[in-house]
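Peer 1: Here is what each chain is made of, one letter per residue.
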Amino acid sequence: MVQSLDRSQGRAGAVATDGAAAPKTFTGNRALQIEEPLIFEMGQAGRCGVDLPEPPKVKDRLNGLRRGGEIGLPGLSEPQVVQHYTRLSQKNYAIDMGVYPLGSCTMKHNPRINEKVARLAGIGDLHPLQPVSTVQGALELIDTLAHWLKTLTGMPAVAMSPAAGAHGEMCGMMAIAAALDAKGERAQRKIVLAPESAHGTNPATAAALGFTVKPIPANDRGRVDLAALKAALGPDVAAIMLTNPNTCGLFESEIVEISTAVHEAGAYFYCDGANFNAIAGRVRPGDLGVDCMHINLHKTFSTPHGGGGPGAGPVVLSAALAPFAPYPWIVKTGDGWTVAEEGTRVAGTPFGRLKAFHGQMGMFSRALAYIMSHGADGLKQASEDAVLSANYVMAALKDVMTPAFDGPCMHEVLFDDSFLKDTGVSTLDFAKAMIDEGYHPMTMYFPLVVHGAMLIEPTESQAKEDLDQFIGALRSLTERAKTGTAAEEFKAAPRFSPRRRLDETLAARKPILRWRPSNNPPEGGPMRQAAE
Amino acid sequence: MRYLPLTDADRREMLRVIGAKSVDDLFRDVPASARLPGKVAGLPDHQGELEVERAFQGFAAKNVSPAMAPFFIGAGAYRHHVPATVDYMIQRGEFLTSYTPYQPEITQGTLQYLFEFQTQVTLLTGMEVANASMYDGSTGTSEAVLMANRVTRRHKALISGGLHPQYRGVIETAARWEGFNAVVGKADVDGLEDLIAAVDKETSCVVVQNPSFFGHVRDFSKLAEACHAAGALLIVVVTEVVSLGLITPPGEMGADIVVCEGQSIGNGLGFGGPYVGLFATREKYMRQMPGRLVGETVDADGKRGFVLTLSTREQHIRREKATSNICTNAGLCALAFTIHLTLLGEAGFRRLAELNHAKASELADRVAAVPGVTVVNDSFFNEFTVRLPRPAAPVVEALAARRILAGVPVSRLIPDDPSVANLLLLAATETATEHGMAPLVAGLKEVL
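Chains A and B supply the protein sequences, listed in that same order.
One point on numbering: in this note's numbering, the residue at position 271 of the first sequence is 271, and numbering is uninterrupted.
One point on numbering: in this note's numbering, the residue at position 215 of the second sequence is 215, and numbering is uninterrupted.
One or more hints might be untrue.
To be verified - Label-pair restraints from in silico Cβ distances:
1) His316(B) to Arg509(A): 18 to 26 angstroms
2) Gly266(A) to Glu49(B): 46 to 54 angstroms
3) Arg403(B) to Glu264(A): 54 to 62 angstroms
4) Leu36(B) to Arg516(A): 52 to 60 angstroms
5) His228(B) to Thr349(A): 37 to 45 angstroms
6) Glu49(B) to Gly69(A): 47 to 55 angstroms
7) Pro418(B) to Lys57(A): 34 to 42 angstroms
8) Gly69(A) to His316(B): 35 to 43 angstroms
9) Lys57(A) to His435(B): 44 to 52 angstroms
10) Ala492(A) to Leu36(B): 48 to 56 angstroms
Since the hints were derived computationally from the structure, they do not count as laboratory data.
Ideal Cβ placement from N, Cα and C applies to all residues, glycine included.
Please build the complete structure, drawing on both the sequences and the hints.
Peer 2: See below:
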């Protein structure tokens, strides 16, 4: 049984621990939790956090367009900047702090060697337009990663330049549009099929390219309904966009039948690779009949999410789509590497360019370091541990929470909210109560096919003891919810976080998207007043 | 394996709790035809940190870093000094290893710096609202065109010949596959292009760059008036954001959307990425913007806090009706930008811009004195175009062989126009030194 982490051990001397009832402090701070103004409320003219030499006087060559007036940037010294951003950092939850079970997002450990090698001067400090003779190592690095990605997926080609998963979707779907164009079928094939459980990026991408998105229903096992898919396929279908393992955390067991049917109908199979981390090193998507798949390097290969990016979304391509891959790509020559870009004589008909320069090199370095550290054996083990951990969480919670589908699951487990029925506690309340227990909530209300969805992805990075503690916390929350008298308590959560529930309706109704001197601070503590 | 905490005993116990015989049981939904007998063949096994680091040092050793050579390359990516504080702060795990701030109660750190970022972007560009970043300048520009198409319900974009050719390529790719018309101007080498006459009632937007790809500083006020008279939007692109410390911002010229490549502030060259796109517009177009927005609000105790807002524009809510498919953006690069700009402040940012202009002016005077070399520009910020007496590409190669990274031959980015073959772009930032300029001038004299 999991032990509570309460360290008071029954000793006397404990004071009330209810944060809301605790006395106010003069500063508004609570020990390590420091209330922090905006930089615009801290600046003073005459302060600067850098020392730059006096510029020599030269005659302007600015075509008479010298900027007048104040820009309005605040002046802060270096120690102020360090303190400000350190304090802000302490208001964030992070993988480095513990279990971050955000389903579909893959919050796994971010090794620091990856940061170190990406910053080596000979890698991090290179200009993308240096003569190729001076960046042979950089091109070799990209080509090495490309080789790993192709081999791990069993696919013959890869486009490295997409900047994130959604950008990779754009790449893959443009390649499909180009392939249809080359066959003279683009005007006729205007439909893209996607399950209702798809990531929002899938329909958004297809629609941006002028396709009509047609939803495919799921069967009662949470997989694509093969009969419905076959009925929907026809000469007007361009492609299917399918996530596998899917967003319910399940492997599409009829995937080979799906890809065969799609190909027989003359359409292409776009695989959303957001969940490749469940199978990397164990299953090759090329063996499943996919035509293209983006790989979120920031998920499967652990480049840091950084508070919302940057990511990278290379796209592996089948032989049918490879000729349409966008500029640029790396070409191995006799004794080195070069870049195929506009003006290079190439085979095939690239569909264009998605981005300036060569792609997210900084992410390539980190992902390659991660991949080399694991190797073929470690990647397989990591996928297995991720799947094992998710199934363990499901097994340990299935008597008190309600898994949406029978097992086994892959790297994430999906629960619906039926275990909260008649408790007055919603999925949102339940998730917010997890915050007070020291956890980041799971993904909520996604996928849309399950009522009150809770998608938990523990990843392979958590020790069993930590999973047990997490499971214990969730069991305790379910018990409290099921008393039927705890709804108010749940609705008041979180109480111990740097902020309590925020008024999102107010934010959307009267958007304040920037600081202005006239913004009235809703609460002016002494620190803020001193700063103004 | 150092990243995997589960022991074999843990795994056995977990399988027991699950009720599975082996981990293979958990993969039973994988079709038999796709089950590999073991690990993926043909790839090496795991390595220690020392071995990995050695491999990367091997890659690094095959490159010539700008730190090791006289360096004058720009063309959309600029080498500036980034204070050590920036890289230290962005590596704090609470920033580095946090996700998109979907749970605002425990991500106020990210949300507040993005709110600061958005404010800084509006101040630099002279615009009213800004989003929480795009992937980079090139993709941001393409998104700006799509946004203008939505706002105006028109489908013809006029693209200046002064726009970075790879940015132009990204727009043309979007035009071809997303279905609009991109009318592209001829390479505007002399900075004299006038697009006013081309703006008509079908035009959704005009896309210009300032300073232009060739370095010219232009006033687009008249063009903005012409756009507005015709019901079109003016999109101004800035690939060197430091220029905004010295040059009239696009907002004051009447721009409707401003897109900048923010790499110069806080972010290294990084061989082309990741960078950070800045995206700003007028308040009236706010709800047509792509990407994430952070807004101010209050929490249950009435304390000021920040949240992601207006997300009904976005793909995770709106799906096929979203303003863009963008999801992950450039959060950590935006943080680097914000910290660096906060260190600079008003005084530092302006001085940095002055230094850049002074260094480039010095470089222009020096290379103009090389026989056969002409500086094309009357105006520039920290980058300008020179005309050589022979094709620039082999000249750059010859200088690279002497370990001088001289600049970008225009033909590398505009390969299909013989009239630009002899043109070379040269940039000088605050990092340029006398020790670098002298060898460049000497090298040019030798190889020309």
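Peer 1: Next, verify each hint and record whether it holds.
Peer 2: Do the hints match the structure? See the list:
1. His316(B) to Arg509(A): 18 to 26 angstroms: holds (20 angstroms)
2. Gly266(A) to Glu49(B): 46 to 54 angstroms: holds (49 angstroms)
3. Arg403(B) to Glu264(A): 54 to 62 angstroms: holds (58 angstroms)
4. Leu36(B) to Arg516(A): 52 to 60 angstroms: Taking Cβ atoms as reference, Leu36(B) and Arg516(A) lie about 59 angstroms apart, which means the hint holds.
5. His228(B) to Thr349(A): 37 to 45 angstroms: holds (39 angstroms)
6. Glu49(B) to Gly69(A): 47 to 55 angstroms: holds (52 angstroms)
7. Pro418(B) to Lys57(A): 34 to 42 angstroms: holds (41 angstroms)
8. Gly69(A) to His316(B): 35 to 43 angstroms: This hint holds: roughly 40 angstroms between Cβ atoms.
9. Lys57(A) to His435(B): 44 to 52 angstroms: Given range 44 to 52 angstroms: violated, Cβ gap about 22 angstroms.
10. Ala492(A) to Leu36(B): 48 to 56 angstroms: At roughly 50 angstroms between Cβ atoms, Leu36(B) and Ala492(A) fall inside 48 to 56 angstroms, so the hint holds.
The structure fails hint 9 only (numbered hints given earlier).
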